[in-house]
Amino acid sequence: MESLVPENLTASFPWLTALVVVAALGAVALWCLPRGARGRVREIALGVSLVNVGLLVGAFTQFDTSKAGVHQLYEQYAWIPQIGTSYAVGVDGLGLALVALGVGLVPIVILAAWREQGDDVERLRHYLALVLLTAAFMTLIFAARDVFLFYVVFEAMLIPIYFMIGAFGGPQRRGAAVKFLLFSLAGGLVMLVAVIALFLQGPGGAEGFLTANLTGLALTTNVERLLFVGFFLAFAIKAPMFPVHTWLPDAAQQAPAGTSTLLVGVLDKVGTFGMLTLCIPLFPSASAWAAPTIVVLAVVSVIYGALLALGQKDLMRLIAYTSVSHFGVMILGIFAFSQTSIAGASFYMLGHGLATGLLFLTAGMVIARHPQRSQRIADFGGLQRTTPIIAGIFLLGGLATLSLPGLAPFVGEIMVLIGAFGAYPAAVIVSAVVVVLAALYILLTYQRMFTGPEQEHLTGLPDMVGREKWVVAPLVAALLVLGFYPRPALDLVEAPADVTVSTIALEGSAS
Amino acid sequence: MTSALVPLPVMLPLFGAGLALALWKHSRAQRLITVAVLALMLAVGVGLVVAADSGPVVVDVGGWAAPVGIVLVADRLSALMVTVSSLVLLCVFLYSLGQGIADGDDEAPVAIYHPTYLVLAAGVSNAFLTGDLFNLYVGFEILLAASYVLLTLGGTGSRIRAGTIYVVVSLVSSALFLVALAMIYAATGTVNLAQLAERLPEIDGTTRLVLEILLMLAFGIKAAIFPLSAWLPDSYPTAPAPVTAVFAGLLTKVGIYAIIRTQTLLFPDDRLDDVLLVAALLTMLVGILGAVAQDDIKRLLSFTLVSHIGYMVLGIALSSQTGLTATVFYVVHHITVQTTLFLVVGLMERIGGTTSLARLGGLAKIAPLLAILFFVPAMNLAGIPPLSGFLGKVGLLQGAVQLGTPLGYLLVGGGLVTSLLTLYAIVKAWNKAFWQTPPQEIRPQRLPSGMVGATLALVVFGLSLTVAAGPLFDYAGRAAETLRARTPYTAAVLGPDGRGEGTSNDVVPDGGTVLPDVPDDGTPSPTPAESSTEVTG
Numbered sequence: 001m002e003s004l005v006p007e008n009l010t011a012s013f014p015w016l017t018a019l020v021v022v023a024a025l026g027a028v029a030l031w032c033l034p035r036g037a038r039g040r041v042r043e044i045a046l047g048v049s050l051v052n053v054g055l056l057v058g059a060f061t062q063f064d065t066s067k068a069g070v071h072q073l074y075e076q077y078a079w080i081p082q083i084g085t086s087y088a089v090g091v092d093g094l095g096l097a098l099v100a101l102g103v104g105l106v107p108i109v110i111l112a113a114w115r116e117q118g119d120d121v122e123r124l125r126h127y128l129a130l131v132l133l134t135a136a137f138m139t140l141i142f143a144a145r146d147v148f149l150f151y152v153v154f155e156a157m158l159i160p161i162y163f164m165i166g167a168f169g170g171p172q173r174r175g176a177a178v179k180f181l182l183f184s185l186a187g188g189l190v191m192l193v194a195v196i197a198l199f200l201q202g203p204g205g206a207e208g209f210l211t212a213n214l215t216g217l218a219l220t221t222n223v224e225r226l227l228f229v230g231f232f233l234a235f236a237i238k239a240p241m242f243p244v245h246t247w248l249p250d251a252a253q254q255a256p257a258g259t260s261t262l263l264v265g266v267l268d269k270v271g272t273f274g275m276l277t278l279c280i281p282l283f284p285s286a287s288a289w290a291a292p293t294i295v296v297l298a299v300v301s302v303i304y305g306a307l308l309a310l311g312q313k314d315l316m317r318l319i320a321y322t323s324v325s326h327f328g329v330m331i332l333g334i335f336a337f338s339q340t341s342i343a344g345a346s347f348y349m350l351g352h353g354l355a356t357g358l359l360f361l362t363a364g365m366v367i368a369r370h371p372q373r374s375q376r377i378a379d380f381g382g383l384q385r386t387t388p389i390i391a392g393i394f395l396l397g398g399l400a401t402l403s404l405p406g407l408a409p410f411v412g413e414i415m416v417l418i419g420a421f422g423a424y425p426a427a428v429i430v431s432a433v434v435v436v437l438a439a440l441y442i443l444l445t446y447q448r449m450f451t452g453p454e455q456e457h458l459t460g461l462p463d464m465v466g467r468e469k470w471v472v473a474p475l476v477a478a479l480l481v482l483g484f485y486p487r488p489a490l491d492l493v494e495a496p497a498d499v500t501v502s503t504i505a506l507e508g509s510a511s
Numbered sequence: 001m002t003s004a005l006v007p008l009p010v011m012l013p014l015f016g017a018g019l020a021l022a023l024w025k026h027s028r029a030q031r032l033i034t035v036a037v038l039a040l041m042l043a044v045g046v047g048l049v050v051a052a053d054s055g056p057v058v059v060d061v062g063g064w065a066a067p068v069g070i071v072l073v074a075d076r077l078s079a080l081m082v083t084v085s086s087l088v089l090l091c092v093f094l095y096s097l098g099q100g101i102a103d104g105d106d107e108a109p110v111a112i113y114h115p116t117y118l119v120l121a122a123g124v125s126n127a128f129l130t131g132d133l134f135n136l137y138v139g140f141e142i143l144l145a146a147s148y149v150l151l152t153l154g155g156t157g158s159r160i161r162a163g164t165i166y167v168v169v170s171l172v173s174s175a176l177f178l179v180a181l182a183m184i185y186a187a188t189g190t191v192n193l194a195q196l197a198e199r200l201p202e203i204d205g206t207t208r209l210v211l212e213i214l215l216m217l218a219f220g221i222k223a224a225i226f227p228l229s230a231w232l233p234d235s236y237p238t239a240p241a242p243v244t245a246v247f248a249g250l251l252t253k254v255g256i257y258a259i260i261r262t263q264t265l266l267f268p269d270d271r272l273d274d275v276l277l278v279a280a281l282l283t284m285l286v287g288i289l290g291a292v293a294q295d296d297i298k299r300l301l302s303f304t305l306v307s308h309i310g311y312m313v314l315g316i317a318l319s320s321q322t323g324l325t326a327t328v329f330y331v332v333h334h335i336t337v338q339t340t341l342f343l344v345v346g347l348m349e350r351i352g353g354t355t356s357l358a359r360l361g362g363l364a365k366i367a368p369l370l371a372i373l374f375f376v377p378a379m380n381l382a383g384i385p386p387l388s389g390f391l392g393k394v395g396l397l398q399g400a401v402q403l404g405t406p407l408g409y410l411l412v413g414g415g416l417v418t419s420l421l422t423l424y425a426i427v428k429a430w431n432k433a434f435w436q437t438p439p440q441e442i443r444p445q446r447l448p449s450g451m452v453g454a455t456l457a458l459v460v461f462g463l464s465l466t467v468a469a470g471p472l473f474d475y476a477g478r479a480a481e482t483l484r485a486r487t488p489y490t491a492a493v494l495g496p497d498g499r500g501e502g503t504s505n506d507v508v509p510d511g512g513t514v515l516p517d518v519p520d521d522g523t524p525s526p527t528p529a530e531s532s533t534e535v536t537g
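Chains as they are written, first to last, in full-length UniProt numbering: chain A, 1 to 511; chain B, 1 to 537.
Hints were generated in silico from the structure; no laboratory data involved.
Here the structure is a predicted model, which is why all the values come from computation and not from measurement.
Treat the hints with care, as some may be off.
Taking beta-carbon pairs under 7 Å as the criterion, some of the chain A residues facing chain B (in silico) [stated by the list, open to error]: (1) 80; (2) 121; (3) 122; (4) 156; (5) 174; (6) 185; (7) 186; (8) 189; (9) 193; (10) 196; (11) 197.
Just the calculated beta-carbon pair ranges, DEER-fashion [to be verified]: (12) A:12 to B:3: 47 to 55 Å; (13) B:270 to A:65: 57 to 65 Å; (14) A:29 to B:453: 19 to 27 Å.
Once the Cα atoms are required to be at most 27 Å apart in a straight line, the calculated BS3-like pairs of lysine-lysine come out as [claimed, not checked]: (15) A:313 to A:179; (16) A:179 to B:428; (17) B:365 to B:428; (18) B:365 to B:432; (19) A:179 to B:365; (20) A:179 to B:25.
Cβ coordinates follow ideal geometry from the N, Cα and C atoms, glycine included.
Hey, can you work out the whole structure from these sequences and the hints?
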């Protein structure tokens with residue numbers, strides 16, 4: 001069978017590597033900072049993350065949007081040729097969009113963490129270094145074009161997150177961190193076997209792990225299905241999808257708001273990204289075989305996440321469960337295999353990252369204002385009067401996650417529902433109804449926390465300060481711009497969606 | 001020229017031991033001698049690694065030609081093992097020096113410590129370098145004799161009790177080995193490994209199997225393969241931290257080395273592979289389940305040690321190029337990492353006053369450097385990518401997948417479960433020792449810089465295995481090729497005319513048969529020359 005992977009466009013300047021290296025060096029620099037300079041950790045971390053934003057802009061100028069289906073800015077060096085692995089990075093439109101999401105969220109998260117540790121600069125220094133390290137891994141994983149490299153980052157990334165939850169979170173943070181680690185690693189190890197088995201099926205040699213060399217292999221049906229399941233399980237845990245989602249609510253409840261933003265906003269997208277860029281291209285006919293089952297599980301996720309969100313008493317857990325529901329929508333879009341639904345799911349990944357980030361960060365601000373830092377929804381009330389801006393932004397973020405027309409997630413969700421309707425009308429109808437009903441959980445929460453009589457212990461709380469406005473402003477702007485003018489982002493994700501659809505179609509005609 | 005290097009890793013420490021013993025009153029001189037000898041061993045080891053890459057380097061000891069005399073052979077595997085073990089021995093020794101100086105007791109750990117330590121080093125090197133099965137036995141005995149002393153240093157009640165178990169088990173293993181040796185000699189008329197490689201295939205298959213099983217039992221006890229592993233977690237943890245570290249890192253690996261050598265050179269027909277695969281699976285699982293249940297971090301690490309021996313046995317039992325390459329790589333990784341962890345635990349015990357996870361706590365805040373020193377090798381042990389433990393694991397799993405049999409896949413599953421539970425056990429230990437609020441207050445205190453420095457050096461070396469994974473994997477691959485081809489080894493030892501360099505009166509009979517004359521009644525009668533010159537070691 002002919003290879004479906006078009007030629008890679010080699011980078012003239014290593015933009016992607018530079019993004020990774022700058023963030024990683026920033027983390028190392030923070031850890032090695034001489035004692036005298038430690039008062040400036042915030043500024044240094046923010047500076048590093050802004051340099052990365054600059055590099056990202058540079059990368060965009062070199063990216064040819066008219067060829068968004070091709071992997072561009074490509075670099076490849078031998079890494080450990082003895083075991084067949086290379087350092088190969090490159091992005092298509094989807095990869096670049098997700099790299100941009102990650103790189104863009106990092107300065108916002110750093111800004112949000114500005115006062116999080118009080119005056120304990122030491123703790124903050126470690127936290128910010130971990131954020132930068134995570135940022136390096138985020139770029140690398142969305143750009144990896146070598147299956148082994150992808151896997152290595154997939155697991156190595158768990159370590160900084162483990163610390164960000166386990167060392168900086170709430171009272172039960174350690175349990176949540178261990179649960180997160182074990183869930184992710186369990187999926188990862190199953191994937192490892194699949195990665196090795198796939199390599200053995202491939203051409204081998206010093207470049208045997210390159211994604212391009214492993215695409216379009218003539219696998220027997222059973223082998224292909226087993227390998228697919230191995231990869232998919234890891235991504236389903238990451239995404240997180242029913243029934244392997246249970247680590248997320250715990251992690252999100254215990255983690256600081258910034259960590260949750262990166263975790264749910266960006267890192268969980270590795271799951272859906274992996275389904276799109278590894279599962280389907282590597283195992284097209286197995287993907288088609290598994291699609292009905294996955295769609296059913298996706299719809300279950302949509303319903304289950306929404307129902308559990310309704311019943312939550314903890315604000316952060318609630319947001320986590322809404323995400324389980326929304327990831328269901330994305331996975332539905334991906335495995336409906338229509339160009340519209342896949343492009344929609346890709347776009348929704350972006351929009352959801354922005355909306356959930358906004359909601360988590362605003363919730364973090366509310367919680368930080370509570371005298372006991374309570375996360376219980378019932379401990380709040382009447383905040384609309386004392387903190388009107390926070391209330392407004394929280395409502396905006398909530399409505400954005402509910403896909404209110406005019407905000408970015410709406411575009412993605414409607415495309416998924418329209419695109420998937422042809423193949424799975426029942427699934428679409430159920431999902432659409434649930435998503436609309438789900439407005440309840442956000443509106444009820446808003447009502448309980450922000451309306452009604454002011455509570456005594458909450459009087460005189462300060463509203464959003466200047467720094468916090470800078471945290472939310474870029475997110476609000478991005479949500480509005482992409483909501484009203486989604487074309488530039490759609491240009492990025494539509495071409496890769498075309499490639500995916502033609503992969504599946506070719507497989508269908510061949511078999 | 002390079003062949004002059006081969007005997008040095010055995011001779012240097014023995015001379016050093018004698019000298020150190022003679023200077024027992026001058027502890028400063030003792031230290032200097034020991035450090036110098038270990039550093040020299042390391043340098044010689046590096047030289048051997050380079051030299052052995054262009055073929056095995058052979059020395060016929062005393063000018064007696066093989067197979068009559070004893071040979072020392074440094075092929076890639078031996079050279080690699082000698083180098084890594086010298087490095088580990090050196091770092092652990094520096095650590096124990098740091099400990100001794102910090103405690104201010106120049107007399108204890110008594111003058112006997114230095115010479116015994118060097119004798120242990122000599123025994124380990126001898127076991128790695130010998131080209132003679134009987135001399136391997138001698139190497140084992142040397143290191144065991146030294147280890148009995150080291151394990152019971154300071155003679156507290158629990159140490160003596162643990163030492164007793166250790167001595168008894170080791171003696172049983174030695175007795176088995178000796179019986180096997182006698183039977184092998186009776187069956188083939190030689191104990192030279194290269195000659196055995198030629199003669200063993202010619203003897204009766206069942207006899208060969210019995211010999212193989214006997215050797216495997218003897219080595220299995222030393223390497224702590226389930227069900228012969230029960231002694232290890234009982235005896236190792238009671239010793240002082242540096243002693244435990246060196247035992248855990250090296251002694252089990254000597255057993256593994258002996259299994260690799262005999263399985264590849266003497267018994268290449270792989271008849272025990274299925275048994276070994278099952279043993280590997282059980283070793284992994286039983287070991288790691290034991291680790292999960294432990295509350296004492298030293299015992300926990302001892303159980304992970306047993307469990308990861310299972311990985312190495314897996315690689316050997318796969319009998320494939322991939323499997324053996326990964327095993328050699330994994331052995332190097334595991335020696336380093338396991339030793340490092342035990343050293344770190346020694347530091348933890350120093351600060352916290354205990355190794356019980358229930359009573360430790362909050363060390364991350366009290367000693368941040370210690371937290372890093374623990375976490376890096378711990379993640380390496382758990383096989384988190386891209387660290388060397390992960391790369392070794394990938395190679396082993398790849399070999400198991402390639403095997404393609406149901407048992408192979410069962411081992412893949414077992415390996416994954418082990419990997420996950422290792423992480424669980426390690427993270428549990430981390431959470432308790434470093435993060436939980438300590439049940440009773442732990443007073444921060446300065447760690448001796450000698451101890452921290454030695455540990456740091458090993459942590460860095462462990463990381464360098466990751467950085468240098470490509471070349472190391474290459475080297476391990478070439479080592480595995482040599483091992484599996486067998487002829488490079490036998491040709492280097494025996495030469496084109498079946499004789500090593502040096503003198504011997506024995507000549508190969510005309511007609512080329514290498515077996516001794518066997519009269520019709522079945523009792524072999526070794527040729528006179530062999531029987532008279534054999535047991536010179």
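Cross-check of the supplied hints:
1. 80: 4 Å, holds
2. 121: 15 Å, violated
3. 122: 9 Å, violated
4. 156: Holds: closest Cβ of chain B sits about 5 Å from residue 156 (chain A), inside 7 Å.
5. 174: OK, holds: residue 174 (chain A) within 7 Å of chain B, min 5 Å.
6. 185: 6 Å, holds
7. 186: It holds, given that the least Cβ distance between residue 186 (chain A) and chain B is near 6 Å, below 7 Å.
8. 189: 4 Å, holds
9. 193: Holds. Min distance 6 Å.
10. 196: 5 Å, holds
11. 197: Check passed: Cβ of residue 197 (chain A) comes within 5 Å of chain B, closer than 7 Å.
12. A:12 to B:3: 47 to 55 Å: 54 Å, holds
13. B:270 to A:65: 57 to 65 Å: The hint (57 to 65 Å, Cβ to Cβ) holds, given that residue 270 (chain B) and residue 65 (chain A) are roughly 58 Å apart.
14. A:29 to B:453: 19 to 27 Å: Since the Cβ atoms of residue 29 (chain A) and residue 453 (chain B) sit about 24 Å apart, the hinted range of 19 to 27 Å holds.
15. A:313 to A:179: 21 Å, holds
16. A:179 to B:428: Answer holds: residue 179 (chain A) to residue 428 (chain B) is near 11 Å, not above 27 Å.
17. B:365 to B:428: Within the cut-off at roughly 17 Å; holds.
18. B:365 to B:432: 13 Å, holds
19. A:179 to B:365: The given pair, whose Cα atoms are some 23 Å apart, holds under the 27 Å limit.
20. A:179 to B:25: 56 Å, violated
Taken one by one, the earlier hints fail for this structure at numbers 2, 3 and 20, listed in ascending order.
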